[in-house]
Amino acid sequence: MQEYKNSREPLIRLTKRDSMPLGSRIVVRLVSVVLAMLVCAVLIYAITGINPLVVYRTMFEGAFGSKSRIWSTVKEMMLLSCIAIGLAPAFKMRFWNIGAEGQVLVGGIVTAGCMIYLNKLPSALLLPVMVLCSILAGALWGLLPALFKAKWNTNETLATLMMNYVAIQLTSFFVAKWENPYGSNTVGIINQSDQKGWFPQVMGSRYFFCVVLVLLLSVMMHIYLKYTKHGFEISVVGASENTARYAGINVSWVMIRTMLLSGAICGLSGFMAVAGASHTISVSTAGGRGFTAIIVAWMAKFDAATMLLISLLLAFLQNGAGEIASKCGLNDYASQMIIGILLFFLLGCEFFINYRPVFRHGKKKEVR
Amino acid sequence: MGGLVTLFQAAVVFGTVIMFGCIGETITEQAGNLNLGVPGIMYLGAISSLCAVYIYEGSCSPESPASPLICILIAVPTAFLGAALGGLIYAFLTITLRANQNVTGLALSIFGSGVANFFGGSLNTLAGKFEQVSVPVSSSAFSASPVSLIGDLGVPGQLFLSYGFLVYVAIILAVVVQYFLHHTGAGLDLRTVGENPQAADAAGINVIKNKYLAICIGAGISGLGGLYYVMDYIKGTWANDGSIEKLGWLAVALVIFTGWKAKNAIWGAYLFGVLYWMYLYIPGLTRASQEIFKMLPYVVTILVLVIGSMKNSRDKQPPAALGQAYFREER
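Each protein sequence line maps, in turn, to chains A and B.
FYI, the numbering for the first sequence is 4 to 371, going by our numbering.
FYI, the numbering for the second sequence is 51 to 381, going by our numbering.
So here's chain A without its partners, still in its complex pose (with noise of 0.2 Å):
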C-alpha cells in the first residue's frame, strides 16, 4: 500500500481566478514595471555608480527631449505597434507566427524593390503598387507555414523562426545586388534626390502618414477581431480546434486566411519601414522588431489599444537609452538589457492576474 507522504494540504495553494477587474490589473501592470524600474536602477548603479535618476532623467529627453526626438519615438512605436497588429490575429488563434522579421523583411525587399525600379511611375501610382507589393510578398511569406500547419500539422513555431533567417539571407542577397555606392554593401538612400516612393511630408514630419495608417490598421484590427465573424472563428480556433471543428468551422481555411492576413499587415510594416521611415534596406529594416512585437502583442492579449502603449514603453526605452549612451558612457546595449528585465517583470505579473494563492490556515473553506 502506498502511503501518503504529504498528507496535510500544502501551505500555498493556486486557484484560477474567473477574471480581474480592470482596475486591479492595470495597478498589479504599473507596480511590476515601477518594480523593474526599480530593480534596472539599482543594476545601473551597481554597474556604473551613475545616479538611476539621472539616467532616467536623461532617457526622458533622449525620447521626448525636442520635436525630431518624439517623431523619432513616435516612428519607433508606430513600427512596433505595426508589426503588433498584424500577429495579434495569428496568436488569437494560438498560431504562434514567430516569422514576423521575416514577413517584414519581404515586405521591405520589394517595396524597395518597386523604389529601384518603377521610379519612372508617378508618386500617386507608384505608392499603392508598393502597397501592393508588400502585402502580397508578407502574405507569401506567412502562407507557407500556415499550409504546412493546415496540411501535415507542420510545427509553425519553428517553420516561421526558419523562415526569418531564409528572409533575412534574402535581404543581404538584395542588399549586395543593389548596393549603393559599389563596394558599401548598403544600399544607401534610394531615390534620394526625387524623393519617388516616399511617404509626403504632412505637419511638418515624414512620419505623419505612418501614423495614420497604424490608427486605422488598429482601429479596423480592433472591429475585425471583435465584431465580425471571421474574428468570432478565430478565437474559437484558439480556444479549441475540436471545438471549431465540432461547430463546423474550417480550421484549416480559417488558419491560412488568418496567416494572409497576419503577413500581409507584417508585409505592409516592411513597406512603411522603408518608404515611411528609412528609404534604405537592410537586414535592420526589421531589427529584431518582429521579435519584441510578438512580446507587445501577446502582453496586450491582443487589445489595439494596449498595443499602442506597450510600443510607446518600448519606444521610449529604446530611444531613452541611446541618450544615455552618449551622455553618461554607457554602452547602447544597456537599453536591451532594461528591456529585457522589464519584459520578465511583465510576463510575471500575468501570473498574479491569472491565479490567486490561497493559504493553508486562510478562510477555512471547504474543498470540494
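Think of the hints as simulated: they come from the structure by calculation, not from any bench.
All clues stand as given, with none of them false.
Going by beta-carbon spacing under 7 Å, a handful of chain B positions derived as facing chain A:
hint: 1; residue: L147
hint: 2; residue: I306
hint: 3; residue: A338
hint: 4; residue: T351
Glycine included, C-beta positions come from ideal geometry on N, C-alpha and C.
Take the given structure of chain A and dock chain B to it, following the hints.
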C-alpha cells in the same frame, strides 16, 4: 584536397558552437519546454566566462603569469553557471509563474544579448588602446589541439586532431546525453514529462523538479557553446556583431534537424557547418549569390520539419507536450 580539409575544419569549428547549443536545447525540449532563449543563453555563457578570465588574467603579473589550466577551470564553470542562471529565469517564469514559453524565451534572448553586448562593449572600452579585449592565455588554452602537442600527423591529424579540447567534449557530451535520455530511468522520466506531464505526475514523477533541472542544465550546456565561440572561434575577444544570435537560432534549427536526438547532433552540426561555409568553395559566386548559399541550413531545416510531419514518423516528432505549461489542476 587542401580545400576539402580546410572546409571540414571550418565546419567542425562552426559545428561545435551549435552542437553545444543543440544538446542543451534537446534536454530542455525533451522536458517539454521550448526555450527560444538559446541565443540569449549562449550570449550569457560567453560573456560570463570572458569577464571571469579577463579579471583573472588582468590580476596576473609578468612575475606570476596566468596558468592555462586555471583559465580553463575558471572559464568552464562560469560559462555554465552564467547560462544556467539565464535558464533559471526562464524556468521560474514559465514553470512557476506559468508565463508563455515562446514569449519568455524571446524576452530572454533580448535580455541575454543586451547583457552580453553591454558588458562586452564595456570590456572593449576598458581594454582601451587596442580597442578590443583580449585574453591570450585562455584563448590559447582553449584552442590548444592534440596536434600542436604531439606534432604533425598529416591529413588525418589535421582532420581529426587539430581542434581545441571543447570539440571533443561536445562529441562526448552528445553521446552521454543521448544515453541518458534514451537508456536510463531518469531520462525516461524526463521524456515522459515532455510527452505527457499529467501521466508523469500521476506516475509519481516530480514534474516541476524535472523541468527545472532539465532547463537549467540544458541552458548550462548551451552556454558552453558561447564559451567555445568566444574562446576558440573568435580567439578570446568580443565583437558586438550579433553573430552569436545567428548561431543560437541555428542551434534551435539543429534540434529539429536531429529529430530531438542528441547523437544526431554530432554529424548534423558538422553538416550545418559544411552547408554554411560551402559558398567559400564554390567557384564563380558573386558576393550576392553567396548570401543565397548561406540560406541552406535554414532551408534544409524547414524541409526536414515539413517532411517529418508529412510522413508523421513517430521518431521525428517534437515531444507531444512541447510548449505547453503544466498546471496540475487544469484538464
